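S.K.: Residues per chain, in single letters:
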Amino acid sequence: MIKHIRLFFQGALLSYKALFRWLRPVTYLASKIIMPLNQILFFTFLGMYASGQQNASFYIIGNAVQMAAISGIYGVTMSIGGDRWEGTLPYLFGTPSNRLVLFFGRGFFHILDGFLGVWIGLFLGVILLGLDLSAANFPALLLIILVTTFSTSGLGLLLGCLSLITRNVMFVNNTVYFLLLIFAGANVPIETLPSWMRSISYALPLTRGISTTRAAVAGETGSVIMPVLSQEFLIGLGYMLLGFILFRWFEQAAKRRGTLEAM
Amino acid sequence: MKQRKFRTALGVIFSTFEMTLRQNVIDSFILFTILVQPILIALLAIWMLRDQAANHAIFIVIGSGMTGLWSSLLFVSGNSINVERWIGTLESLVASPSPLPWVILGKNLAHVTQSLVSMILSYFLAALIFNLELDIVNPGVFIGSLMLTIVAFVCFGAIIAPIFVMNPGVQGFQNAMEFPVYILCGFLFPIAMLPEWTTPLSYALSPYWAARALHGTSSGALDLPEVLFSWLMLVLFSVGSALLSAFLFRVMLRKARREATLGLE
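Protein chains in written order, with the working numbering: chain A, 1 to 263; chain B, 1001 to 1265.
By construction, these hints were calculated from the structure, which means they are not laboratory data.
Keep in mind that the hints are not guaranteed to be accurate.
Claimed, not checked - If you want the ones that stay clear, here's a sample from chain B, every Cβ over 12 Å from chain A, calculated:
| # | residue |
| --- | --- |
| 1 | K1005 |
| 2 | I1150 |
| 3 | P1168 |
| 4 | Y1182 |
| 5 | T1199 |
| 6 | R1254 |
Unchecked claim - Restraint-style ranges between C-beta atoms, simulated for each label pair:
| # | chain 1 | residue 1 | chain 2 | residue 2 | range |
| --- | --- | --- | --- | --- | --- |
| 7 | A | T221 | B | V1137 | 49 to 59 Å |
| 8 | A | G219 | B | A1221 | 38 to 48 Å |
| 9 | A | I127 | B | T1008 | 54 to 64 Å |
| 10 | A | G219 | B | D1051 | 24 to 34 Å |
| 11 | A | W249 | B | V1117 | 51 to 61 Å |
| 12 | A | R257 | B | G1144 | 54 to 64 Å |
| 13 | B | K1005 | A | N55 | 52 to 62 Å |
| 14 | B | S1092 | A | G52 | 50 to 60 Å |
| 15 | A | F138 | B | D1051 | 54 to 64 Å |
| 16 | A | D132 | B | L1228 | 44 to 54 Å |
| 17 | A | W249 | B | L1243 | 53 to 63 Å |
| 18 | B | M1166 | A | K255 | 41 to 51 Å |
| 19 | A | L237 | B | G1240 | 48 to 58 Å |
To be verified - To give a feel for the contact side, a few chain B residues facing chain A, derived at Cβ under 10 Å:
| # | residue |
| --- | --- |
| 20 | R1050 |
| 21 | F1189 |
| 22 | E1226 |
Please read all numbers here as calculations on a predicted model, not as lab measurements.
Quick reminder that beta carbons are idealized off the backbone N, C-alpha and C, glycines included.
For reference, chain A alone in the conformation it holds in the complex:
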């Protein structure tokens, strides 16, 4: 058991360090703070242009929570895909390590990273755009953001497996990230979407996370938030398990076909 716990944390830390250690601190901060801030500003101004300044908080909250997808999708995917690009995948698959621990470990630090990213987004929203958190239910907000980054990382783990079988995973990542901007309700109220789009929205992680964050900021209690939040958690778990099945399938198929290092 202790062996598994150590593998989980060591693998998580090393994969996170491998992804970012080579960056200069300024560059790291640029991608963690400046880029997300500008994205929040752009969509908030566009939203205010569309529906007036009184709706600014709708866009600020939506886009701040969307920050979970930066770590959840890009970070997690690159942590998994990194093993293939850097040539360490055959060694990884050659070890007797528990695959479940190894796989979920890849997402761990990105969940924490995304959690921090969303809070930074909300903080910048308060400082720069006057987001009002005076009525917010903070304990609920903490839980919602943690669950949302977890569920978004679930999608990231699934997409990360694609990086083991395709070279064009960044195309997939970028497209999914922008589709989330439309479908997850960060910028468009879900109720205004056509029913077929709403069905997609509710099958995605982040959608319920964004709506419950808005509810928590408005001061709603746990009894309203928890049922929706538990759905968000289950959706994230579903994506993770699907990702793990794909991960195992890829390992077996690649070993059988001898395509472990094929690019």
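Use these hints to put chain B onto chain A, whose structure you have.
M.R.: Here is chain B on its own, set in the frame of chain A:
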């Protein structure tokens, strides 16, 4: 002699242009930047402005196309020298008799021209899927604005590429530079919404004048003197960028040869 040199330059620019177009159509990152992202932004903007979409359709089409132009300039043209370094062809390119700036000019021209496809696709998306009316009030002046926009963007790209080569630290901010220009240049909302202190920053960016000219001529919001002023600014920025880029290329190549770092990152 001068005529022959000019013809050779055109030949180099054209062949680089053609080769870059061929390479780009199979590059998924470039396809995302110049096609998918602007279309998704257009889709999002149409939905966000749904109550006013009928009045804003052409504004959205042009604005989202401009986002594609800028992203392509930043990520694709910005890396037009670096990419040669990554694939190991930069030394041969510099050693060849064709001057490097001509090659980069041809590449940038291909990137910018290709980015315009996003504007055309957004046009069809808005017209065919959303049934929005898309009228360009002054088509002739609009085409003029488009031509000057292409020139201004190509020249701007010729500054960014050597800067990224000489200053990897600046390139580290590449991702962070995408949205500020969308915001400051009024691609999808007027800059009047921004705090007043940002206005000089907008005026200092050629994409702002391009967006002003294109939005103004398509909607008819600008009168002729205002359009001509935007054109003048685009010409001034293009000339300034071309001169600055010629200087930067000289510095970059001299530095790379002296320090023997041409192929090194």
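S.K.: So, against the hints stated earlier in the document, which numbers end up violated here?
M.R.: Violated hints: 3, 4, 11, 15 and 22; rest satisfied.
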